[in-house]
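Chain Z with the ligands: place on chain C using the hints.
Line by line, the protein sequences give chains C and Z.
Read in my numbering, the first sequence has 17 at position 17, and its numbers run on one by one without any break.
Read in my numbering, the second sequence has 234 at position 234, and its numbers run on one by one without any break.
Worth flagging that the hints you see were computed from the coordinates, not collected in a lab.
Note that the structure is predicted; figures quoted are calculated from it, not measured.
Cβ coordinates follow ideal geometry from the N, Cα and C atoms, glycine included.
Each hint should be verified, as a subset may be incorrect.
[Unchecked claim] Example chain C residues on the side facing chain Z (calculated, C-beta under 8 Å, incomplete): (1) Leu94; (2) Met99; (3) Val151; (4) Thr335; (5) Pro376; (6) Tyr554.
[Stated by the list, open to error] Once the Cα atoms are required to be at most 30 Å apart in a straight line, the calculated DSSO-like pairs of lysine-lysine come out as: (7) C/Lys475 / C/Lys570; (8) Z/Lys57 / C/Lys480; (9) Z/Lys214 / C/Lys152; (10) C/Lys496 / C/Lys2; (11) Z/Lys57 / C/Lys498; (12) C/Lys455 / Z/Lys48; (13) C/Lys281 / C/Lys528; (14) C/Lys496 / Z/Lys57; (15) C/Lys570 / C/Lys152; (16) Z/Lys214 / Z/Lys140; (17) C/Lys267 / Z/Lys48; (18) C/Lys455 / C/Lys439; (19) C/Lys26 / C/Lys152; (20) Z/Lys97 / C/Lys210; (21) C/Lys5 / C/Lys210; (22) C/Lys26 / Z/Lys140; (23) C/Lys98 / Z/Lys244; (24) C/Lys210 / C/Lys281; (25) Z/Lys57 / Z/Lys103; (26) Z/Lys111 / C/Lys498; (27) Z/Lys111 / C/Lys152; (28) C/Lys439 / C/Lys5; (29) Z/Lys111 / C/Lys496; (30) C/Lys152 / Z/Lys238; (31) Z/Lys140 / C/Lys87; (32) Z/Lys103 / Z/Lys140; (33) Z/Lys111 / Z/Lys97; (34) Z/Lys140 / C/Lys98; (35) C/Lys210 / C/Lys496; (36) C/Lys267 / Z/Lys97; (37) C/Lys562 / C/Lys439; (38) C/Lys455 / Z/Lys97; (39) Z/Lys238 / C/Lys98; (40) C/Lys210 / Z/Lys48.
Each chain is listed here by its residues.
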Amino acid sequence: MKIHKYDTVIVGAGGAGMRAAIEATKRSRTAVLTKLYPTRSHTGAAQGGMAAALANVEEDNWEWHTFDTVKGGDYLVDQDAAEILAKEAIDAVLDLEKMGLPFNRTPDGTIDQRRFGGHSRNHGEAPVRRSCYAADRTGHMILQTLYQNCVKEGVEFFNEFYVLDQLITEVDGVKTSAGVVAYELATGEIHVFQAKSVIYASGGTGKFFKVTSNAHTLTGDGQAACYRRGLPLEDMEFFQFHPTGIWRMGILLTEGARGEGGILRNKDGERFMEKYAPVMKDLASRDVVSRSIYTEIREGRGCGPEGDHVYLDLTHLPPEQLDAKLPDITEFARTYLGIEPYTDPIPIQPTAHYAMGGIPTNVEGEVLADNTTVVPGLYAAGEVACVSVHGANRLGTNSLLDINVFGKRSGIAAAEYAAKHDYVELPENPAELVETQVKNLLSSTGTERVAVIRKELQETMDANVMVFRTEQTIKTAVEKIAELRERYKNVSVQDKGKRFNTDLLEAIELGNLLDLAEVMAVSALARKESRGGHYREDYPNRDDVNFMRHTMAYREVADGGKDSIRLDYKPVVQTRYQPMERKY
Amino acid sequence: MATPTLEKAEAGFADSPYITVTFRIRRFNPEISDEATWQDFQVEIDPKERVLDGLHKIKWELDGSLTFRRSCAHGICGSDAMRINGKNRLACKTLIKDLNPEKPITVEAIKGLTVLKDLVVDMDPFFQAYRDVMPFLVTKGNEPTRERLQSAEDRERFDDTTKCILCAACTSSCPVFWNDGQYFGPAAIVNAHRFIFDSRDEAGEQRLEILNDKDGVWRCRTTFNCTDACPRGIEVTKAIQEVKRALITRRF
Ligand SMILES: Cc1cc2nc3c(=O)[nH]c(=O)nc-3n(C[C@H](O)[C@H](O)[C@H](O)COP(=O)(O)OP(=O)(O)OC[C@H]3O[C@@H](n4cnc5c(N)ncnc54)[C@H](O)[C@@H]3O)c2cc1C
Ligand code: FES
Numbered sequence: 001m002k003i004h005k006y007d008t009v010i011v012g013a014g015g016a017g018m019r020a021a022i023e024a025t026k027r028s029r030t031a032v033l034t035k036l037y038p039t040r041s042h043t044g045a046a047q048g049g050m051a052a053a054l055a056n057v058e059e060d061n062w063e064w065h066t067f068d069t070v071k072g073g074d075y076l077v078d079q080d081a082a083e084i085l086a087k088e089a090i091d092a093v094l095d096l097e098k099m100g101l102p103f104n105r106t107p108d109g110t111i112d113q114r115r116f117g118g119h120s121r122n123h124g125e126a127p128v129r130r131s132c133y134a135a136d137r138t139g140h141m142i143l144q145t146l147y148q149n150c151v152k153e154g155v156e157f158f159n160e161f162y163v164l165d166q167l168i169t170e171v172d173g174v175k176t177s178a179g180v181v182a183y184e185l186a187t188g189e190i191h192v193f194q195a196k197s198v199i200y201a202s203g204g205t206g207k208f209f210k211v212t213s214n215a216h217t218l219t220g221d222g223q224a225a226c227y228r229r230g231l232p233l234e235d236m237e238f239f240q241f242h243p244t245g246i247w248r249m250g251i252l253l254t255e256g257a258r259g260e261g262g263i264l265r266n267k268d269g270e271r272f273m274e275k276y277a278p279v280m281k282d283l284a285s286r287d288v289v290s291r292s293i294y295t296e297i298r299e300g301r302g303c304g305p306e307g308d309h310v311y312l313d314l315t316h317l318p319p320e321q322l323d324a325k326l327p328d329i330t331e332f333a334r335t336y337l338g339i340e341p342y343t344d345p346i347p348i349q350p351t352a353h354y355a356m357g358g359i360p361t362n363v364e365g366e367v368l369a370d371n372t373t374v375v376p377g378l379y380a381a382g383e384v385a386c387v388s389v390h391g392a393n394r395l396g397t398n399s400l401l402d403i404n405v406f407g408k409r410s411g412i413a414a415a416e417y418a419a420k421h422d423y424v425e426l427p428e429n430p431a432e433l434v435e436t437q438v439k440n441l442l443s444s445t446g447t448e449r450v451a452v453i454r455k456e457l458q459e460t461m462d463a464n465v466m467v468f469r470t471e472q473t474i475k476t477a478v479e480k481i482a483e484l485r486e487r488y489k490n491v492s493v494q495d496k497g498k499r500f501n502t503d504l505l506e507a508i509e510l511g512n513l514l515d516l517a518e519v520m521a522v523s524a525l526a527r528k529e530s531r532g533g534h535y536r537e538d539y540p541n542r543d544d545v546n547f548m549r550h551t552m553a554y555r556e557v558a559d560g561g562k563d564s565i566r567l568d569y570k571p572v573v574q575t576r577y578q579p580m581e582r583k584y
Numbered sequence: 001m002a003t004p005t006l007e008k009a010e011a012g013f014a015d016s017p018y019i020t021v022t023f024r025i026r027r028f029n030p031e032i033s034d035e036a037t038w039q040d041f042q043v044e045i046d047p048k049e050r051v052l053d054g055l056h057k058i059k060w061e062l063d064g065s066l067t068f069r070r071s072c073a074h075g076i077c078g079s080d081a082m083r084i085n086g087k088n089r090l091a092c093k094t095l096i097k098d099l100n101p102e103k104p105i106t107v108e109a110i111k112g113l114t115v116l117k118d119l120v121v122d123m124d125p126f127f128q129a130y131r132d133v134m135p136f137l138v139t140k141g142n143e144p145t146r147e148r149l150q151s152a153e154d155r156e157r158f159d160d161t162t163k164c165i166l167c168a169a170c171t172s173s174c175p176v177f178w179n180d181g182q183y184f185g186p187a188a189i190v191n192a193h194r195f196i197f198d199s200r201d202e203a204g205e206q207r208l209e210i211l212n213d214k215d216g217v218w219r220c221r222t223t224f225n226c227t228d229a230c231p232r233g234i235e236v237t238k239a240i241q242e243v244k245r246a247l248i249t250r251r252f
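For reference, chain C alone in the conformation it holds in the complex:
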C-alpha cells in the first residue's frame, strides 16, 4: 500500500473532472485519478451540443433557458440551480471557445447554434436555436479541448487508477472527507490518497441497462463508493431513455438529427409525433418522445418483422447537410447497420442514456450528508452528481453544460476549501475495505460468473424499470436484484494476477451496478406518480401534492451486517415558476 498526499483529488477525467482540474490545479496541489485515459472518457461520445442562450442566430435569453430546464425536468428541478446553470452557460461556452474549441460558425464568424428538444423561445412558443455545436462531435471536441488545456496547465494525472472507496473521518461529530482509496490497474497495487478535498466526477451508471448509449465503463463507481459509506443518493429513480438509439445496439443517434429536420415515422410512414406533441413534434422532451415511440410499438405500428422499432427518417435532408452537420451518426448507421441514411430510414428504439439522480450536492458542488448538512471537503460534479438541475428529465445539451458549469464551480470551491483547511486524519487501516474486497474476489472459488449475473441484471432492468413501469414490474426487478446480490457473494474471477486484471475490476464494477440498481428500483417503487423519466402506468399522472420532492436513499446496516435502503425526501427549491401541466 502506498500513501499520497494532495490538497485536492479529483476522481474522473471526463468533462466535469477536467474542467474542475483546470481550476483546481491553478489554486492547489491537485491529482486527477481516472480509471480511463482522460481522452477515453464518455464525454467524448456526446454529439449534439451544449446549450447557452448566446442569441447568436436568433433572439434568446437565459431566463427562457431556465424556464425550459425547469419545465423539461417536470418541475422537480431546483430552480435556484437551474438559474445558475442557464446564466453561467454563456461564459461556459465562451470559456471553451477561448480554450480553443472549434465550434461550427455562422456566416458572421460567431458560434453557430441549432435547435434541440425542449428548448424554446419565450416559454414554449416555438423551438429556439440554443445548442452550440461542433458538427455531431461536440462532446469529443469538449473532451479534447479540456485535455489540451490540462496539458497546458500541467495537470497531474494518475491514469488507470480505479477509485474504490471514499474515506470519511468524523471530526467533532461531523462526517468529513479524508481521502480516497484507489486500485492501480497496471500493478494491482492499492493506493491511499489523503486529500483536503475530493471531487467526484466519475460519470454515470447506465451499464445496468442492456440497451444503452453508455460505455462499458459507466458503472457508477463514485455513487457506489459514497453510498456504501452512508451518504445518500438523490432521485435515483429518474433515468433518461433517449428516443433514438440504434435498434438493438443502443448506440446513440443525436437529437440534433431531429434538430436538423429528421422525422420519426411508424410502419405506415406516419409522422406520429404530431399526435403526441402538436407544437414541438419530434423535438418534444425526451421522456415524451420515448413514451410515444413505445406507444406506437405497443399499438402495433412498430416497424420490422417483430414490430419492435420505428424509423428515424433523414432521407428528405440534402446529403450535403448530413455530411456537414451529422457526419458521425450517419457513419454509425453505415458501419453498424449497413444502411445508407441518404436513401433509407434508420431503425431506432429508445436507449438508456442518462442518470438524472446521483450524489446530492448544493450549487457549490458540496456533497450533502442529509437534506441540509454538507460533508466538509467532499464535492461532486457532472453526471455522478445531482444538483439538481435536471429534475425528473434532463434536456438535451444541458449535460455538457452542467459538467462545465458545475465542474468549474466545484474545482474552485474544492481548491479554496483546501487552502483554508488542514488534512483530516485518515481512518485506521484506510485501505482495509478495498484490500478485503480484492482479496476475497481473488481467492473466491464460487461458481457464479460475473458476465451471467450482469446479463441477468441488464435484462431485468430493461424489462421492468425502463420507459414504462408498474408496481408489478418494479417489484419483479427488486426481487430479481436481491437474488442477484445474493448470488454475487458467490462470484469468482478467473484471472488471479496483479497485472492489468480487468477480470477483477469487472467483478467490482458489477457489485457497484447491483447496489445502484437496487437503489433505483426501490426509489421507483415508492414514487407512486409519473413525472419526467419516471412513468408509472398505474399512476399515470404527476402528483404534486404527495411527490413534489426529491428522493433521498440511504444505506442502513443492521447489527448482523445485513443492509437495507431507507428512503427519505427533500423539498424542491421553487423560485419563479409554479408547476404547470407539461405540454409540448
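Structure of chain Z with the ligands alone, referenced to chain C:
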C-alpha cells in the same frame, strides 16, 4: 494449445444467424511467461457483430484472463486499436462479416509500443509525443469579451485533424515508428496540424520548429499506412504533407 469451445447458445434454430469463428489471439502475460504465444478460441457469433463482441464472448464465457482495453464500443474513445488480420483497426468498428470469418481471425497488440499484457500496450510514449507538440491553442494579447471570430472557411481548414481520437492506430502502423520510437509519429503531427492551421492560433512557428527536428516530419516516408489505418477517416498523410509544406514555405 487449448481450444475451448462455447456451448451452442441457440441450438434448434434452423435460421440462426450464428456462425462459428476462430479467433487466433496473441497472448502475453509476463506474470506467467516471458514468451508470447498464439491461442485459438472458437466462438459462436453473429457475423454482424464486432470483433470486440467476440473478444467479450471469450473473456466473459471462456477465459477471463484475456485482457484488452475498451470503453465506448462505437469507435469514439480510441481504447481498442489492435492488429486484426495484420491491419490496425478498432475492434469495436470491425464487423466479423467484413473479415472473411471462414479463416481464423488473428488479433494482436499494435506494434511499436511495449506490450504489457495480451492486447494492452504502454501508451505513455505515445501520449508524450502528443504533449510535446504543444497541443493547445496559444494566443497573445487580451482576450476578447465574446468569442473569437472565425470564418466558416477558416474553421473548415483544420476540420479533418480535429477528428483524432488518439487511438494510436496510425502511429503504430508506421514503419518508421516501428524502427525508431523517437519519431513523433503521425498522431502527434496530426494534432500539431490541428493547431498550426487554426486561424486563431499564434504558435504555429514554434510547433513547426519542434517538428523540424530530426525526429520530426522529415522522417515520414509517405507510405500511407497511417491514412489506411485511421478509423476516423482522417487523411493523415495529407496532413503530414501540409505540415512539411508549411515548413518550407512558412505559410500556413
Ligand atoms: C452517446 C451520448 C451522447 C450524448 N450527447 C450529449 C449532448 O449532445 N449534449 C449534452 O449536453 N449531453 C450529452 N450526453 C450526456 C453527457 O455527455 C454526459 O452526461 C457527460 O459527458 C458526463 O460527463 P462526466 O464528466 O460527468 O462523466 P464522463 O465523461 O463519463 O467521465 C467519467 C470519468 O470518470 C472516470 N471514472 C469512472 N469511475 C472511476 C473510478 N472508479 N475511479 C477513477 N475514475 C473513474 C472515468 O475514467 C472518466 O474519466 C450524451 C451522452 C451520451 C452517452
Ligand atoms: S471501444 Fe471506444 S473506440 Fe473502440
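So, going through the hints one by one against the coordinates:
no.	hint	result
1	Leu94	6 Å, holds
2	Met99	6 Å, holds
3	Val151	5 Å, holds
4	Thr335	6 Å, holds
5	Pro376	33 Å, violated
6	Tyr554	31 Å, violated
7	C/Lys475 / C/Lys570	24 Å, holds
8	Z/Lys57 / C/Lys480	24 Å, holds
9	Z/Lys214 / C/Lys152	24 Å, holds
10	C/Lys496 / C/Lys2	21 Å, holds
11	Z/Lys57 / C/Lys498	22 Å, holds
12	C/Lys455 / Z/Lys48	20 Å, holds
13	C/Lys281 / C/Lys528	28 Å, holds
14	C/Lys496 / Z/Lys57	19 Å, holds
15	C/Lys570 / C/Lys152	41 Å, violated
16	Z/Lys214 / Z/Lys140	29 Å, holds
17	C/Lys267 / Z/Lys48	24 Å, holds
18	C/Lys455 / C/Lys439	24 Å, holds
19	C/Lys26 / C/Lys152	11 Å, holds
20	Z/Lys97 / C/Lys210	23 Å, holds
21	C/Lys5 / C/Lys210	39 Å, violated
22	C/Lys26 / Z/Lys140	20 Å, holds
23	C/Lys98 / Z/Lys244	28 Å, holds
24	C/Lys210 / C/Lys281	28 Å, holds
25	Z/Lys57 / Z/Lys103	18 Å, holds
26	Z/Lys111 / C/Lys498	24 Å, holds
27	Z/Lys111 / C/Lys152	29 Å, holds
28	C/Lys439 / C/Lys5	25 Å, holds
29	Z/Lys111 / C/Lys496	27 Å, holds
30	C/Lys152 / Z/Lys238	27 Å, holds
31	Z/Lys140 / C/Lys87	28 Å, holds
32	Z/Lys103 / Z/Lys140	57 Å, violated
33	Z/Lys111 / Z/Lys97	25 Å, holds
34	Z/Lys140 / C/Lys98	12 Å, holds
35	C/Lys210 / C/Lys496	28 Å, holds
36	C/Lys267 / Z/Lys97	29 Å, holds
37	C/Lys562 / C/Lys439	21 Å, holds
38	C/Lys455 / Z/Lys97	25 Å, holds
39	Z/Lys238 / C/Lys98	28 Å, holds
40	C/Lys210 / Z/Lys48	18 Å, holds
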